[in-house]
Amino acid sequence: MSTKEKGWREIPIAGVCTKSSIGFMTGDWKTYMPVRDLEKCTTCLTCVMLCPEGAIKWRPDMAKIEFDFSFCKGCGICANECPTKAITMKMPGEEE
Amino acid sequence: MTTQEWKFTAKDIANKPDLFLSGHRACAGCGPAAVLRLIMKATRGPTIVTQATGCMEIVGSIYPYTSWGLPWLHTAFENAAANASGIDAALKALERKGKVKEHIDIIALAGDGGTYDIGIQALSGAVERGHDFLFVLYDNEGYMNTGIQRSGGTPTGAATTTTPAGSKIPGKLEKKKPITEIMLAHDMEYVATATPYYWKDMMTKVRRGLEVNGPAFLHIFAPCPRGWRTEPAKTMEYSKLSVESCVFPVWEAVNGNRQLSTPSKLIALAPQKKKSVTDYLAGQGRFRHLFTPQNKHIIDEMQRFTDERWERLLLKCEKA
Amino acid sequence: MKAKQETIPLNGDEAVALAVKQCDVDVVAAYPITPQTIIVEKYSEYVANGEVQTEFVCTESEHSAMTACLAAAVTGARTFTASASAGLALMHEMLFVTSGFRAPVVMAVANRALSAPLNIHGDQSDSMAERDSGWIHVYAENAQEAYDNIIQAFKIGEDIDVSLPVIVGLDGFTISHTLENVNVLDDQSIKQFIGERPFVMVTTQEGKTVPFKLDPANPMTLGPNALPNYYFEFKRQQEEGMRNALRKIQEVNSEYAKISGRNYGNGLIDAYELDDAEIAIVCVGSVAGTLKVIVDELRQEGMKVGVLRLRTFRPFPLEELRNALKEVKALAVMDKSMSFGGFGGAVFSEVRSALYEVNQRPTIVNYIFGLGGRDTNPHELRKIFEDLARIAKTGRAEMSVQYLGLRE
Numbered sequence: 028m029s030t031k032e033k034g035w036r037e038i039p040i041a042g043v044c045t046k047s048s049i050g051f052m053t054g055d056w057k058t059y060m061p062v063r064d065l066e067k068c069t070t071c072l073t074c075v076m077l078c079p080e081g082a083i084k085w086r087p088d089m090a091k092i093e094f095d096f097s098f099c100k101g102c103g104i105c106a107n108e109c110p111t112k113a114i115t116m117k118m119p120g121e122e123e
Numbered sequence: 010m011t012t013q014e015w016k017f018t019a020k021d022i023a024n025k026p027d028l029f030l031s032g033h034r035a036c037a038g039c040g041p042a043a044v045l046r047l048i049m050k051a052t053r054g055p056t057i058v059t060q061a062t063g064c065m066e067i068v069g070s071i072y073p074y075t076s077w078g079l080p081w082l083h084t085a086f087e088n089a090a091a092n093a094s095g096i097d098a099a100l101k102a103l104e105r106k107g108k109v110k111e112h113i114d115i116i117a118l119a120g121d122g123g124t125y126d127i128g129i130q131a132l133s134g135a136v137e138r139g140h141d142f143l144f145v146l147y148d149n150e151g152y153m154n155t156g157i158q159r160s161g162g163t164p165t166g167a168a169t170t171t172t173p174a175g176s177k178i179p180g181k182l183e184k185k186k187p188i189t190e191i192m193l194a195h196d197m198e199y200v201a202t203a204t205p206y207y208w209k210d211m212m213t214k215v216r217r218g219l220e221v222n223g224p225a226f227l228h229i230f231a232p233c234p235r236g237w238r239t240e241p242a243k244t245m246e247y248s249k250l251s252v253e254s255c256v257f258p259v260w261e262a263v264n265g266n267r268q269l270s271t272p273s274k275l276i277a278l279a280p281q282k283k284k285s286v287t288d289y290l291a292g293q294g295r296f297r298h299l300f301t302p303q304n305k306h307i308i309d310e311m312q313r314f315t316d317e318r319w320e321r322l323l324l325k326c327e328k329a
Numbered sequence: 526m527k528a529k530q531e532t533i534p535l536n537g538d539e540a541v542a543l544a545v546k547q548c549d550v551d552v553v554a555a556y557p558i559t560p561q562t563i564i565v566e567k568y569s570e571y572v573a574n575g576e577v578q579t580e581f582v583c584t585e586s587e588h589s590a591m592t593a594c595l596a597a598a599v600t601g602a603r604t605f606t607a608s609a610s611a612g613l614a615l616m617h618e619m620l621f622v623t624s625g626f627r628a629p630v631v632m633a634v635a636n637r638a639l640s641a642p643l644n645i646h647g648d649q650s651d652s653m654a655e656r657d658s659g660w661i662h663v664y665a666e667n668a669q670e671a672y673d674n675i676i677q678a679f680k681i682g683e684d685i686d687v688s689l690p691v692i693v694g695l696d697g698f699t700i701s702h703t704l705e706n707v708n709v710l711d712d713q714s715i716k717q718f719i720g721e722r723p724f725v726m727v728t729t730q731e732g733k734t735v736p737f738k739l740d741p742a743n744p745m746t747l748g749p750n751a752l753p754n755y756y757f758e759f760k761r762q763q764e765e766g767m768r769n770a771l772r773k774i775q776e777v778n779s780e781y782a783k784i785s786g787r788n789y790g791n792g793l794i795d796a797y798e799l800d801d802a803e804i805a806i807v808c809v810g811s812v813a814g815t816l817k818v819i820v821d822e823l824r825q826e827g828m829k830v831g832v833l834r835l836r837t838f839r840p841f842p843l844e845e846l847r848n849a850l851k852e853v854k855a856l857a858v859m860d861k862s863m864s865f866g867g868f869g870g871a872v873f874s875e876v877r878s879a880l881y882e883v884n885q886r887p888t889i890v891n892y893i894f895g896l897g898g899r900d901t902n903p904h905e906l907r908k909i910f911e912d913l914a915r916i917a918k919t920g921r922a923e924m925s926v927q928y929l930g931l932r933e
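Chains as they are written, first to last, in my numbering: chain G, 28 to 123; chain F, 10 to 329; chain H, 526 to 933.
Calculated from the structure, these hints are not laboratory results.
Each hint can be trusted.
Keeping only pairs whose Cα atoms sit at most 27 angstroms apart, straight-line, the calculated DSSO-like set for lysine-lysine is:
#1 K84(G) - K20(F)
#2 K829(H) - K817(H)
#3 K25(F) - K84(G)
Pairwise CB distance ranges (calculated):
#4 T111(G) - G175(F): 38 to 46 angstroms
#5 K110(F) - K733(H): 18 to 26 angstroms
#6 A782(H) - E111(F): 42 to 50 angstroms
#7 T170(F) - G867(H): 35 to 43 angstroms
Since this is a predicted model, take the numbers as computed values, not measurements.
Just so you know, even glycine gets a beta-carbon here, dropped at the ideal spot from N, CA and C.
Can you build the whole structure from these sequences, using the hints too?
This is the structure:
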């Protein structure tokens, strides 16, 4: 967020939004974060489908799933729904 | 391409860019947010989205930030369908003048507040007039954005902030308004129910709704961990349980002819797989007060009512 | 280039419908309510006979009518609607929203009393209750002006520096249902006068500067939640639109006079015999017509009297009003509405406040009249001038607020 907010002459009329929310990192909301056991992952992409934040991405070029922790809120849906239990929720620091 | 031809896998969907972007302010584990993200991935071309005031409207549009990667309009609470009517009329007029060259889909989004209660007049009117739009109801069974108050979509027995579980009155006494029956009675070409656990079914239904040349209605059941007092991680589990317990069967009706969708059809074919209502209610804080001797009869009543409605639904689907 | 005109007998509603027809409106979304029904009925005939290229939406309520007009306007359409009384009141929420969206919707209001009790007849309480909503308010004196005002309203509201919705008020039944000879312009002249709808340019979240409308090619988010750190600025923007409207209304009035031969004062105020007037009446709407006739009679008798009709109530023409009335000794302001519990009616409050700082303030009194369509006859109006003559001598009024024609 910029420290100086704009005056009425500088912003577009009628509340037209000027910034994409991609610039608003909700990742700092989380208490727990998802940790993956790559050996159990079958790339079924259930986690990619069900993440409410769109924070889990499928990278076809690398044929792998990528977690974007700058947006992950730590809800745990991915861990709960993973069919092979490849994801567990841990406090940051206890991933080992 | 039509839905018949739209064969998609998880990888196909994952490759499509999000149009409901990350960085929105929904609670962790929000069911409606997951629903919206998936619906936006099911769009088929140029689309305009209009939304009623509510959780999903607020979380994606806190000035100056926006989570919407397509044209999006919010005006007030009760008029998502009236917005859609105006957009539809404008596009038709501009198309006649040659100012708009391609077909643009219109999706109207509203929560149960903006559909069952304050929004029903505009919805009924827009459907009666035959505007070309898909109305998506994301039902989290309460006015969640203003603090979990009861709506016409709140089920019997649920504790909300305006129907609290008190010593005299144990939560909401009234039944959940049968919104899809009301919409079916409008002689709509397409009415369907869906829930995000079965995301493929849900997205296919969005496409079918968009294909209708006229109004279509999609009722999506989306658990709210904050309002239901459930664990955020279990949102999709409750979405699945709602179908397995037949509390929220998934089906679609084309020109009034109803068919169960695969997840509910599996229950119909193998009734031993049907879970009890108690399985569904357990773990939801809003129903916790029902698990007491003096309120147990409400759970029994809910089981009876769910079974009865399920049987009626099976009959209606058989006739198709 | 003067327009070709022909004279047709039309009532106020029909004149409005015809003006809308000639303005190439894309979407009309409306709900019927007496005394505006003839507008929507006449327009439906044009639609049914293919005389207009308009999408006509018969919404299920006025709230949805205003919503649909707003949504259509932000999708790029030129839109119109009409209402009155309870219908306008039902739209109340959306009037503020429409102005906040800077959508140049034009609405004819066939001014009618508000319930309760139910009354279908003419008074101005409906639109006076919406004076804070951010709409431009222009009031007609007769059917001819109602016709002219509709045409001008599109040009005023759509101006890039204004970008505000416009209410064109016409007194219920007195104008809406009364037949007059109306001079109507040819289609081509109106088309040329109004032109195509222009669009304000805005910068979106993609960093592009594009026309302000819903367009999949240039996605934008309209109608966000503006928290306390931003909301105030958007309201100030609306106020700037109103300030620009003061100038634009006068410009459009002059430009229209060039093609039609008709102007309404300077567009903001219509001053009649006010130059050397010692006593005067300020009013809004059709009563001005009757007052002008009485002024002519009294002038014959040697009284120095005049009438100031406020053609534009929003934005309030502060400077013009002060300049026009600064020599007047006694002034009566007529209100065809009430503000219960307030010191007089809306027009009285605003005129009095406007003249507070003038060096030689006139003594100002308020006459509330014509509520619920109560007829006001010339004798009663003449009596006001006589009262004012007395007040001018003493410089004092016994009663600031009186009710004209009320049975005690």
